[in-house]
Amino acid sequence: MTRLAIAISQERCTGCQTCVNACKMENNVPMGMLWNRVITVGTDVMDGAVGSYPNLSKEYLPLACQHCENPACMAVCPVGATYKDEKGRVLINYDLCIGCRICMAACPYNARCFNWEEPVRDPDFNYGHRDVPVRPRGVTEKCTLCKERTDADLEPMCVVCCPTRARTYGDLDDPESEISKLIREKHAYQLLPERGTNPQVHYYK
Amino acid sequence: MQKASTKRMSLLIVCALLTATGVGVWIYQITQGLAITGMNNGSSWGLYIACFMFFVGLSAGGLIVASSASVFGVRDFKKVSRPAVLLSTVCIIAAAAFILIDLGGIQRVFNLIIHPNLTSPLMWDVIVISVYLLINLVYLVLLRKPDEQRSARALAITSRFALPVAILVHSVTAWIFGLEIAKAGWYSAIMAPLFVSSALDSGLALLLVVLVVLNAARLFETSRKLIASLAGLLAVFIAVDAFMVLSEIITMAYPGAPEEAFVLAELTRGTMAPWFWFQVIGGLVVPFLLLVFSRLREKTPVVVVASTLVVLGVFCKRIWLLLTSFIEFNVSGAPGLAFGRAERTATETWTLVGTYSPTWAELLITLGVLALAVLVYTLLAPRLFGTLPTHALHDDDSTERHARADVLLDGPQAAAGTQAEVG
Numbered sequence: 001m002t003r004l005a006i007a008i009s010q011e012r013c014t015g016c017q018t019c020v021n022a023c024k025m026e027n028n029v030p031m032g033m034l035w036n037r038v039i040t041v042g043t044d045v046m047d048g049a050v051g052s053y054p055n056l057s058k059e060y061l062p063l064a065c066q067h068c069e070n071p072a073c074m075a076v077c078p079v080g081a082t083y084k085d086e087k088g089r090v091l092i093n094y095d096l097c098i099g100c101r102i103c104m105a106a107c108p109y110n111a112r113c114f115n116w117e118e119p120v121r122d123p124d125f126n127y128g129h130r131d132v133p134v135r136p137r138g139v140t141e142k143c144t145l146c147k148e149r150t151d152a153d154l155e156p157m158c159v160v161c162c163p164t165r166a167r168t169y170g171d172l173d174d175p176e177s178e179i180s181k182l183i184r185e186k187h188a189y190q191l192l193p194e195r196g197t198n199p200q201v202h203y204y205k
Numbered sequence: 001m002q003k004a005s006t007k008r009m010s011l012l013i014v015c016a017l018l019t020a021t022g023v024g025v026w027i028y029q030i031t032q033g034l035a036i037t038g039m040n041n042g043s044s045w046g047l048y049i050a051c052f053m054f055f056v057g058l059s060a061g062g063l064i065v066a067s068s069a070s071v072f073g074v075r076d077f078k079k080v081s082r083p084a085v086l087l088s089t090v091c092i093i094a095a096a097a098f099i100l101i102d103l104g105g106i107q108r109v110f111n112l113i114i115h116p117n118l119t120s121p122l123m124w125d126v127i128v129i130s131v132y133l134l135i136n137l138v139y140l141v142l143l144r145k146p147d148e149q150r151s152a153r154a155l156a157i158t159s160r161f162a163l164p165v166a167i168l169v170h171s172v173t174a175w176i177f178g179l180e181i182a183k184a185g186w187y188s189a190i191m192a193p194l195f196v197s198s199a200l201d202s203g204l205a206l207l208l209v210v211l212v213v214l215n216a217a218r219l220f221e222t223s224r225k226l227i228a229s230l231a232g233l234l235a236v237f238i239a240v241d242a243f244m245v246l247s248e249i250i251t252m253a254y255p256g257a258p259e260e261a262f263v264l265a266e267l268t269r270g271t272m273a274p275w276f277w278f279q280v281i282g283g284l285v286v287p288f289l290l291l292v293f294s295r296l297r298e299k300t301p302v303v304v305v306a307s308t309l310v311v312l313g314v315f316c317k318r319i320w321l322l323l324t325s326f327i328e329f330n331v332s333g334a335p336g337l338a339f340g341r342a343e344r345t346a347t348e349t350w351t352l353v354g355t356y357s358p359t360w361a362e363l364l365i366t367l368g369v370l371a372l373a374v375l376v377y378t379l380l381a382p383r384l385f386g387t388l389p390t391h392a393l394h395d396d397d398s399t400e401r402h403a404r405a406d407v408l409l410d411g412p413q414a415a416a417g418t419q420a421e422v423g
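Line by line, the protein sequences give chains E and P. Read in this note's numbering, the first sequence has 72 at position 72, and its numbers run on one by one without any break. Read in this note's numbering, the second sequence has 325 at position 325, and its numbers run on one by one without any break.
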């Protein structure tokens, strides 16, 4: 078995948003939506701090599909458009999606975007990877773990482009992989573990 | 009579115009996408889904009153079977319409049939609502000749299926929300009982309003006594609904856990407060106090006011129940979530909390569905009930009238029984 995943060091992440843009370009994500975001945890202003001077802290959290082992979005899809593939990625079959958006309500991480309108791109052409399917209006989309790249044994674009090398990509089912070692040694954690979704994406500090 | 038919004709014309407008805007929505609605990546459901819940609930009253009349042998309730089941049918069709209108990919809707996923509560609802609609239609057909031996027996059998399926329809609709562990305020075992109780009170309340209107329009006659006794039942349903809401609110409030506290604060003193408090006071407390005293509920205008308040209250409840849980994101922080529209300015692209307000397009489509429901009911009612002879309306509560109604619905034997009792 293979369970592809990403582990993210919050100690290394500087909130530069490079992964956000790399993802958008690679995956042809239209204007007004993002598959990958970097939020400043608990603040209402980007790069803000939490607490009161001098006891301040700041934490960045890159947030995209968590590729859960027990994906809430998959169970609720009435047409089975969301599925977990043999490499452990949570993917969407855009031809099946009827646009009911129950998956968006089911995802605890707000990881999914909907094509509310005819996708708008700026510049006005498909800037994504040539093999990335162009999604039509009326379907849900989200991080695919760069399916087209990872199928070709390349790392996801957010991993490649991170200037501080905060992201590690690999197979959780291989105990000798770098990601498995990191998760073990750094006591990595998952987001919202109490929801029982068991994300494959891990974070550590 | 001339005046009544003019009124009916103008109602039909207004409804037809509103329906046509709604259909027109829906076609526009299909060409433009759901971007013409107020929904976005934060609040991904809105007025359509609230109305879907609302109309599923409204359809309860009719079929549950009619089928429990048959299952538990409440003869009085049988008299209103026809208007009740027609109401139930119209409301469930409206509910199904809202689901279809809400779909972003209506052109792929056939995937529900050729590629179903049976773990989805939405799939369960598609199945249960289809069965429910079918049962309603069978019921309607059988009610056309209820005095025939064969159809009386078929009616008895159908009613035994109708009652549990009716309960299931509300439960499954509740599970679309109640099984979402992502959302504080939805994920709760009380969701199904709460939906059943809301369905019972709003459904019966709507039925009462419709019966009074049918009385006034001389399309179907219901005695004041029966209206009062249904209103008494409504008081009980309101109390049960209030109890469910109270149980849920106190369970959320007591531990003071942050997510539940956030939902509760939004409900009681935040953006959702007007909807919440209107439902609690206007939709539960006031109508209960109006209906709980038997002398008050014998006055038809009081019943109409109380019932209207219950229906409006449950609508408000659908709104707060749906939208409150979209406000807070479980994982939150600036800049928040990309809203989902390209034309918005850089600062508007982001949203820190889920926001929503319906657009004109949504309101017109919703109004269109509502008008369609009234239109279908108004068109089918006289065909199903026939018009009453004028003299029957004046001797209120007479033995003759009771006997006539029983002949209609229970067959000659039952009618003979009633006459013997009265005599």
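What the hints contain is simulated information worked out from the structure, not anything from laboratory work. Don't take every hint at face value.
[Claimed, not checked] Cβ-Cβ distance ranges computed for the label pairs, FRET-style:
| # | chain 1 | residue 1 | chain 2 | residue 2 | range |
| --- | --- | --- | --- | --- | --- |
| 1 | E | VAL134 | P | ILE114 | 21 to 31 Å |
| 2 | E | GLU118 | P | ALA216 | 46 to 56 Å |
| 3 | P | ALA346 | E | ALA49 | 34 to 44 Å |
| 4 | P | THR347 | E | ASP174 | 36 to 46 Å |
| 5 | E | SER52 | P | ILE127 | 47 to 57 Å |
| 6 | E | ASP173 | P | THR347 | 36 to 46 Å |
| 7 | P | THR355 | E | GLN17 | 22 to 32 Å |
| 8 | E | LEU56 | P | PRO255 | 22 to 32 Å |
| 9 | E | VAL120 | P | ALA216 | 33 to 43 Å |
| 10 | E | GLN10 | P | ALA20 | 36 to 46 Å |
| 11 | P | GLN107 | E | TYR83 | 51 to 61 Å |
Beta carbons: idealized from backbone N, C-alpha and C, even for Gly.
Each hint tested on the structure:
1. Take E/VAL134 and P/ILE114: their Cβ atoms lie about 24 Å apart, and the range 21 to 31 Å holds.
2. The hint said 46 to 56 Å for the Cβ distance between E/GLU118 and P/ALA216, and at roughly 49 Å that hint holds.
3. Remark: the range hint 34 to 44 Å for P/ALA346 to E/ALA49 is contradicted by a beta-carbon distance near 23 Å.
4. Look at P/THR347 against E/ASP174: about 44 Å separates their beta carbons, and that is inside 36 to 46 Å.
5. Between E/SER52 and P/ILE127 the Cβ separation comes to about 55 Å, which falls inside the hinted range of 47 to 57 Å.
6. Range check, E/ASP173 to P/THR347: Cβ separation about 43 Å, and the 36 to 46 Å hint holds.
7. The hinted range of 22 to 32 Å is satisfied by P/THR355 and E/GLN17, whose Cβ atoms lie roughly 23 Å apart.
8. Range check, E/LEU56 to P/PRO255: Cβ separation about 30 Å, and the 22 to 32 Å hint holds.
9. For E/VAL120 and P/ALA216, the Cβ-Cβ distance of about 53 Å falls outside the hinted range of 33 to 43 Å, so the restraint is violated.
10. Between E/GLN10 and P/ALA20 the CB atoms are about 57 Å apart, so this pair departs from the stated range of 36 to 46 Å.
11. Checking the proposed 51 to 61 Å range against P/GLN107 and E/TYR83 shows it is violated: the Cβ atoms sit about 21 Å from each other.
Hint compliance for this structure: hints 3, 9, 10, 11 are not met, and every other hint is.
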